[in-house]
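*Asks:* These protein sequence lines map, in sequence, to chains C and D. Following our numbering, the numbering of the first sequence begins with 1 at its first residue and continues without gaps. Following our numbering, the numbering of the second sequence begins with 411 at its first residue and continues without gaps.
Source of the hints: derived by calculation from the structure; they are not laboratory data. Just so you know, not all the hints are guaranteed correct.
[As the list claims (entries may be wrong)] Listed below are the simulated PhoX-like cross-link pairs for lysine-lysine, each with C-alpha atoms no more than 20 Å apart in a straight line:
#	chain 1	residue 1	chain 2	residue 2
1	D	Lys657	D	Lys698
2	C	Lys364	D	Lys657
3	D	Lys657	D	Lys645
4	C	Lys247	C	Lys288
5	D	Lys773	C	Lys363
6	C	Lys247	C	Lys223
7	D	Lys774	C	Lys364
8	D	Lys774	C	Lys363
9	C	Lys288	C	Lys235
10	C	Lys288	C	Lys223
Protein chains: 2
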Amino acid sequence: MESFFKVTELARVLDYRNRFPRIGTESVMLSQALARVLAADLAAEEDLPPFSRATMDGFAVQGASTFGASEANPAFFTVKGEVDMGEAPDFSIGPGEAARIPTGGMLPAGSDAVVMIEYAEILDEETIEVTRSAAPGQNIVRQGEDYRSGEPVLPKGRWLRAQEMGVLAALGRTSVQVFRQPLVGIISTGDEVVSIDRMPGPGQIRDINSYTLSGQVAEAGAKPVRLGVVADAYKELYRSCAAALEKSDMVLISGGSSVGVRDFTLQVFSDLPEAEVLVHGLTISPGKPTILARVGQKAVWGLPGHAVSAMIVFSAVVRPFLQHIGGLSNDSAGQVRRLPARMARNVASAPGRVDFIRVRLEKKGDSLLAEPILGKSGLIHTMVRADGLVAVGMNEEGLEKGDRVEVIPI
Amino acid sequence: MESFFKVTELARVLDYRNRFPRIGTESVMLSQALARVLAADLAAEEDLPPFSRATMDGFAVQGASTFGASEANPAFFTVKGEVDMGEAPDFSIGPGEAARIPTGGMLPAGSDAVVMIEYAEILDEETIEVTRSAAPGQNIVRQGEDYRSGEPVLPKGRWLRAQEMGVLAALGRTSVQVFRQPLVGIISTGDEVVSIDRMPGPGQIRDINSYTLSGQVAEAGAKPVRLGVVADAYKELYRSCAAALEKSDMVLISGGSSVGVRDFTLQVFSDLPEAEVLVHGLTISPGKPTILARVGQKAVWGLPGHAVSAMIVFSAVVRPFLQHIGGLSNDSAGQVRRLPARMARNVASAPGRVDFIRVRLEKKGDSLLAEPILGKSGLIHTMVRADGLVAVGMNEEGLEKGDRVEVIPI
Chain C
1 MESFFKVTEL ARVLDYRNRF PRIGTESVML SQALARVLAA DLAAEEDLPP FSRATMDGFA
61 VQGASTFGAS EANPAFFTVK GEVDMGEAPD FSIGPGEAAR IPTGGMLPAG SDAVVMIEYA
121 EILDEETIEV TRSAAPGQNI VRQGEDYRSG EPVLPKGRWL RAQEMGVLAA LGRTSVQVFR
181 QPLVGIISTG DEVVSIDRMP GPGQIRDINS YTLSGQVAEA GAKPVRLGVV ADAYKELYRS
241 CAAALEKSDM VLISGGSSVG VRDFTLQVFS DLPEAEVLVH GLTISPGKPT ILARVGQKAV
301 WGLPGHAVSA MIVFSAVVRP FLQHIGGLSN DSAGQVRRLP ARMARNVASA PGRVDFIRVR
361 LEKKGDSLLA EPILGKSGLI HTMVRADGLV AVGMNEEGLE KGDRVEVIPI
Chain D
411 MESFFKVTEL ARVLDYRNRF PRIGTESVML SQALARVLAA DLAAEEDLPP FSRATMDGFA
471 VQGASTFGAS EANPAFFTVK GEVDMGEAPD FSIGPGEAAR IPTGGMLPAG SDAVVMIEYA
531 EILDEETIEV TRSAAPGQNI VRQGEDYRSG EPVLPKGRWL RAQEMGVLAA LGRTSVQVFR
591 QPLVGIISTG DEVVSIDRMP GPGQIRDINS YTLSGQVAEA GAKPVRLGVV ADAYKELYRS
651 CAAALEKSDM VLISGGSSVG VRDFTLQVFS DLPEAEVLVH GLTISPGKPT ILARVGQKAV
711 WGLPGHAVSA MIVFSAVVRP FLQHIGGLSN DSAGQVRRLP ARMARNVASA PGRVDFIRVR
771 LEKKGDSLLA EPILGKSGLI HTMVRADGLV AVGMNEEGLE KGDRVEVIPI
């Protein structure tokens, strides 16, 4: 029955991403923007910081007036006043003049440096001596030094971390245009699968995939919509799949995609309106019995019923699609960082397919060692022990101890 | 004024974690357990899988009956029946007997291997010939092979990823005992700071820290409670801090912790009931003006007003405390993985303190190169460009190109 699969190579499958448009955008409050994807290039609409600020407690001066100052040969300054936090000073600083300034205070006109308080001796209310020179720009941040008005700040497709939240706050963006979080409908099928709140009878097992796949969808920044267990029968699958498509941006059906007698997934995918089956069988292991169809503008996946295989297919194939439709750019922080490592021991692998090996990572010097996890691919404890996956290429017969590899964290 | 700080070394500060108890636990639905921390060791209450299962479509047999089978010398089997998905077979398999079985089907009593369908030729309804041997255990997962009843499955303190969700589902855990997510009250202070929905006047800047710190708290798996901007005045700070302590497990106040005239944070911390100031000044840069107090059983932090400094202190110091009270074990996935790398160029650093350098990571061969980001530490764009932080130790005068370092992702 092997021959019924028209297997597709992994790289070609990933190219199919371009058949699917990015999803829509929405405006969210800044407080809700963390771990979202920016939907438009963002430029500064004002200078950041909006004025030159002290980064130390001390005295604002013209740096040139301090040149040559030392313990042995201090420079004397006339104190013109004090800068109050949150207020614009109403005086300016000329040569030989200084103003007391707190960290974060606005530099008076004319000043271009701050002498740290440690290097200023107060002689009387109007005079200080300075024992170290401060170059122009020292202990201050100049107006616009972070971003100048009009300058690009963040590109479209950027994953928003804490620091990007900070930049948005600094620019007064109380709301942000981001891509919607893709809604991913998740269906488990198979006559042996029962919902986890039921006691499985003989020959039955609990629905694992709804939970592993939901977890992976959420970890990828999208929103899982668990639709439960559906009998592996044409009518039920068709109905559930059509309903899932209406309320989500992508659909994952696990189970029922091998070539067994009772597997209707492929047939359902083919029969849905505006459907095109793009992939039926992948040259990866585990995960061969994977189906990808385009239904209208949405991707519908038939994933293996085995929890581990389904997780690996998600990690290697589905996630890049999800990130594509969700607008994420390829160099963005939300992309899973592949970690360079070396194999800790030999691993055999069959050529003609990409084998995904589960590994544990251990630090060794300045690199990571990837220790393959032994055990049948059907065992979920191999995933619990794993930190990541290593792909062994189509034309390789395995990996040798010391080989350089890239680890996909899981 | 330098001397007012009684600076504490970083390692000693981290030891103070033990002064703070772990927070309470709660039961959540499994569907809500992702990215939470398990609050009790978890053992299997049944075998997983609950019965021996086929991992391929084929024929269940006694492996011994296939020994020596080949294309040239096939073994013949009598087909006793067919295993239906989700049902216990009502027959058993003896030597020379076989039963058709789908992937995931329950092995009939007596059988211990599955011959893949590719290696079985159907001769008539009752007879097949098998052209390859299948060792006992081949193409099946045995009952209890994943976890045996009573065996430990997940330890207390484990961060729950997608695969742990799967194990919990497999074991029928519809609810899970996890640590509460720590609630972290976040207050910004400083007379120059205005809420981001207001237009800053001359000398004023928008409240960045509420957003960067909220982001970091959420990224660490805890719950930020933004309490807004509070004037840098004793009475207001005392009141806000006391109120924050009532509704959160930890409090972060940024700004107002240097030794300026108007900084009341230290005084407030000292005056709160049952308060003990543990740290006033840290030997790290940036981030020196950091205060840690214990108020009752809760940690209250005074962080620098500079957004970048506050983020670095959070990453290096506050987060380990947050993870400690949140129950996370040190080897758990939710811990930020430090990445081994090599410095891409020299960096100077002052001895006597731990310098945190912002770096970009680039892949080179099997290791990562850490490229230091130049620019004043007060500029937030240095954080936007950064992938991580590298700590330069107390006794080092800098790092040289090629030096091995550990990068804390940010």
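*Asks:* Decide if the proposed pair is consistent with the structure: lysine 288/C and lysine 235/C, CA atoms, cutoff 20 Å inclusive.
*Replies:* violated (25 Å)
*Asks:* Does lysine 288/C lie within 20 Å of lysine 247/C when you go C-alpha to C-alpha?
*Replies:* Violated, because 28 Å separates the two Cα atoms, which is more than 20 Å.
*Asks:* Would you mind confirming whether the straight-line C-alpha gap from lysine 657/D to lysine 645/D stays at or under 20 Å?
*Replies:* holds (19 Å)
*Asks:* Would you check the hint for lysine 247/C and lysine 223/C, treating anything up to 20 Å between C-alpha atoms as holding?
*Replies:* At roughly 12 Å apart (the allowed maximum being 20 Å), lysine 223/C and lysine 247/C satisfy the hint.
*Asks:* Under the criterion that the straight-line Cα-Cα distance not exceed 20 Å, is the pair lysine 773/D, lysine 363/C satisfied?
*Replies:* Holds, at about 16 Å.
*Asks:* Can you confirm whether the C-alpha distance between lysine 774/D and lysine 364/C stays at or below 20 Å?
*Replies:* holds (16 Å)
*Asks:* Verify the proposed pairing of lysine 364/C with lysine 657/D, using a straight-line Cα cut of 20 Å.
*Replies:* Roughly 43 Å separates the two Cα atoms, so the pair is violated.
*Asks:* Would the pair lysine 774/D and lysine 363/C pass a check requiring their Cα atoms to be no farther apart than 20 Å?
*Replies:* Holds, at roughly 17 Å.
*Asks:* Has the given pair, lysine 657/D with lysine 698/D, been kept, meaning a C-alpha gap of at most 20 Å?
*Replies:* Not satisfied, since the Cα-Cα distance of roughly 28 Å exceeds 20 Å.
*Asks:* Against the 20 Å threshold, does the CA-CA distance of lysine 288/C and lysine 223/C hold or violate the hint?
*Replies:* Outside the cut-off at roughly 26 Å; violated.
Comparing the model with each earlier hint shows violations of hints 1, 2, 4, 9, 10; every other hint is respected.
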